[in-house]
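Generate coordinates for the entire structure from the input sequences, incorporating the hints supplied.
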Amino acid sequence: MPDTAAWERHLEGVPRLVGLPVEREAGPDGGPDGREIPGGPYSAAELVAGLAALLHRYSGESPLLVGLADGQAPGRLTVLRLTVDAARPFAELRDAVPDLTDAARQLGAVTPQRLRELRGFGADPQRPCHAAVVTADTDTDTDTGTDTGTGTAGAELTAVAGRDGRWYLVADATIPGGDVERIAGHLARLLAAGAAPGAPSLARLSLLDGEEEARILHGWNDTARPVPDEQFPAAIARIAAEAPERVAVVSGARSLTYGRLDQDANRLAQHLAGLGVGRGDRVGVFFERSPESLLSQLAVFRLAATAVLLDPEYPGERLEFMVEDSAAAAVLTREGLSGRLGTPPCPVVAVDGDAWRDAPAVDPGAEVHDEEVCHVAYTSGSTGKPKAVQLRHGPLRNTAHVLREQCGLSAGVRGTWLCSPGFGLVQVDCFPILLAGGTVHIPEPSVAASPEQLRDWLVEQRISQSLVLTAMAERLWTLPWPDDTELRCMRIAGERVRTWPGPRLPFHVLNVYGSAEATVVATCDLTELGSGSGAGAGGRMPPIGRPVYNVRTYVLDANHQPVPPGVLGELYISGASLSRGYLNRPEADDEKFLANDVPGDPYPVLYRSGDVARYWSDGTVEIIGRTDNEVKIRGYRVHLGEVEGALAEQPGVRQCAVLAREDVPGERRLVAYIEPDRAAPPRVAAVQAALRERLPGYMVPSAFVVGDLETTPNGKIDRAALPPPPRTRPDLFTEYRAPATPAERDVARIWADTLELDEVGVDDDFFELGGDSLRVMRMLAGLRTELGVNLRMSQLVRTPTVAALVGLLPGAAPAGRPEPRHDPQARYEPFAVTAAPGVRYAEWHQEWLDPDRLVEAWQRLVAQQDALRLTFDADGGQRVVPAQDAPPGAPPVLDLSGLDDAAVASRLDGVRAELLATSFDGAGPPYRMRLTLLPDEVLAVHLAVDARASDDRGLDEVLPRLLADRYEDLDLPAPELTVRDVLTASGRAPAAAPPAGDPPPCTGHHHRLDAGMSPALLEAAGARGVDPRWLVTVLAADACGSGARVLIPLDEVPEAAHDVLGALEEDRLVAVPEPGDSSPADRAAELRDAAARGDAPGDGGPVLAVRVVSEHDPEREGWDAPVFRANALSGVPLDLTLRPGGDAPHLTWTYQPAVLSPERVAGIDAAVCAGLAAFTGELAGA
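In terms of UniProt numbering, the sequence shown opens at residue 1 and continues consecutively.
In short, the hints are calculated from the structure, not lab data. Predicted model, so just to flag it, every value in this text is computed and none were measured. Every residue, glycine too, gets a C-beta built ideally from N, C-alpha and C. Fair warning: there could be bad hints in the mix.
[Stated by the list, open to error] Here are the simulated DSS-like cross-link-like pairs (lysine-lysine), alpha carbons at most 30 Å apart as the crow flies:
hint, residue 1, residue 2
1, 592, 385
2, 716, 592
3, 716, 385
[Said to hold, decoys possible] Label pairs and their calculated CB-CB ranges:
hint, residue 1, residue 2, range
4, 587, 164, 55 to 61 Å
5, 971, 1008, 40 to 46 Å
6, 590, 164, 52 to 58 Å
7, 361, 681, 50 to 56 Å
8, 324, 590, 55 to 61 Å
9, 315, 192, 17 to 23 Å
Given below as structure tokens:
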């Protein structure tokens, strides 16, 4: 059997999955596909290191597992663990392989299936190794590398040595042959470059050959095209001369022709010139969406000045900052808005007034150039003060002509202006319509804010082209549209698109990707792509497409190296779309606008977008998210975009967002925000249930907020404005039923306080209301504090409603009240050991626990409980190590969440056996903890404690209660009373019996009795007035033989030590009454009385220890009963734990093989089971 602990260390931190940059397909019938690895010859060590290095370059993951099949263990893999440091040379990794191989062989070779079990994959088809290497001395036929047995069973990528002396890369059948060949080429280039003298670090080795690199850097960026030289001001003048009566802008009943627009812009420009405004000056344009805004912007351009876009929706303080920060030479606005600017240090011109109308309608003649700034647009400022982006005339010219061509814009087109007047997106929204000689229609703000009204307005106004912000567009797609609508193209921009447009929409959807810093970068016809390739159905997110004319895009790694298709990197942009950078923010420029180091790129500046992206195989770019959208919930990493994507697909969800909120310090949870489809709103309970079917439990939001989602003035979902979940009761399938009795009202009030709700119905499910593990512990603490009762988490899981829980209150145990006292002077002085050595082991299975939170709670507990910092010397002394000198480390974590029940049981048995069989050396710490992730979000907590540091009471009652309390509240104070205080006051003598010394290794034996036995046993014991503990002890003693003695802890711990862990109970040997005419029940009562009197134990008989751990113990607080409990104590060759919980009792025997044989223990077990059956049968027959 593999060394479980060693394998846990070997597998610790290893990623479950490393994605390959491939586009999978259904595998051919011929099985795995193989391609020759160019170059060589290669050694197995080079291939092992090379595969690990390549996978690290693809994924960034480390450590990685590479299986080696070398003929020394047929059908098995030697599993190497390789930690890849991309900052080091490849040669260091390659040279470490021999030592890593030796270390792996110490673990022993395993079959792929066994490795799957060790990794906890269960029924998951995921291969257990990240890669494998099969050498020539295996039995496989490797002439072509297409049939490799163990290797391909162990990994999706396997390097195979052929009999022809060449190496082949064999891949899973779902990976296309072209991708296999491409990966083989990457591997060969990495190996060759890494072996070269003076090779750079692994991170800087190029994976791409010249052809692939040229295709990525230049072929996919072959975008250079000539566009007309005409700038926007000149184009408006030309159209005005050609068709002066053509309508340029319509807003309600007002309209403005091109001729009037041109003349008024000249007059306003002349007026501004009279105020001293000239080339390069900045002028505030402070309007709602309106003809006056477009007129004002054109007037500013006619002076070669810059329009600073100001939105009336902005707060006054923000507006004042913008005017001051931009050093505006003047502000253009209307009379009703000027008062919101405070007292600006520049002239304010009311465009709806008459002061400028007598100026000459003559163009000032200030021709504009590509590099000059046309707009200053301020970003949202979510990370501090807003930043001003300086948009140039060159990108405006390029963008307008690109969209004219892609969208078919021409004279007479009916377009819209829907984006915020303070948003740089105005260059993509209405300006291309004007450059084409079309008409810009502006709706009322209330219309633009309502999906239904906006749809109706677009239809009624016969709009043919419109740019809609993503948040609104995804709402519009859910609405029905008339087939005869004149809308032909809906451009979307502003945010990442999360859903595909429906196939029945009567217009095309063009995704326009860009930003204020980079205007328009790429476009993608989502309608054509989605319907033509089924991309949406394939689970891929809508891409941004390919770069537009005169723009180049690159997906680069952290070292600015181009990544292969399918590999994640960061999106960088160069070309004609870039702005001049930020106004007055040189540090931001240095961070985002970089010197262009891409070879062959003619543009000097490279913009760092901050978007995580990857190429598709045809060069299409897909945005995955941002680098800052990953959060941690209950110990699990969650990508919010993945949750939002699943939520967006639910029927009735028009728009959504997901946040990780921490409204209560230390309690982070996912909150979903849903804007419903008004025609068919979703039931939150149905959405929650659907997400539970699709996502792991930790990714399902705990709370849902339904309502309209606020947007920023720029039209994006305003995540900073999303409110905390309301205190109203959520939408549930369960009808509300009010509490009726005092007990129901008390419990419902505690629930409501815990869940931050105004009311809770007595039939509401705690977890459907948003409860999680932390809130469970807070609620149980509330019951204990306010009602004086102790309930366990398992009871809540079984009865998660107020009505059901109230039924448990009459039987709940009263809460204890410790009275701490402390002698601080003697705390760290040595004192006598009063207990014999040994190992006490407990294992709890708890649902919904956050492993990180539990570890932190454990570390707090170790710092507070002196018994967990004890050291023991050979002379029978012990002392407490100060907390600052013994900081606890994090326990190992084993992931078995994907295994089937049989495999989980086998792995758990291995952990138990190892922890019980390993004695403590006394040097500290006096405990060993392990954590195991089990299926269904259950966490197994394994704890072995030195018997000199804790008695059974400490392990069964004190420790789980204190740990549960600190899990709920990390800041609970330490008890003032310490283990030394209690033991010193007790006057206990040093340990003498049973004999001192480490216990021999122990072995376990488990037996589950017949179904129905537990209720029968408890009923029979209750009817006879017998504690099952004493009854089982008598039966076990009888099976052991005459003169048996039992080790019994005396319940003499003072109430003041309620919260103190330690070996505080005094164990006493008691002789078990000999069989005679008395029944087992009568002898159990005799044994109980003998223990209370302290009768002499007698001599020479076998010694055993017995405990009963019941799920229904009313005295237990905090966690549920342990699922496994055993001791291995010095001088106690046989230990029995009976768990009568559930339907069938469990017997767990721990014994010393040197004293008792397995057959002997099996006989004792059979005798006890027969005695229990007879005892319960007596009651049934009575």
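Each hint tested on the structure:
no. : hint                   : result
1   : 592 - 385              : holds (17 Å)
2   : 716 - 592              : holds (22 Å)
3   : 716 - 385              : holds (18 Å)
4   : 587 - 164: 55 to 61 Å  : holds (59 Å)
5   : 971 - 1008: 40 to 46 Å : holds (42 Å)
6   : 590 - 164: 52 to 58 Å  : holds (55 Å)
7   : 361 - 681: 50 to 56 Å  : holds (55 Å)
8   : 324 - 590: 55 to 61 Å  : violated (24 Å)
9   : 315 - 192: 17 to 23 Å  : violated (60 Å)
Checked against the numbered hints given earlier, the structure breaks hints 8, 9 and satisfies all the rest.
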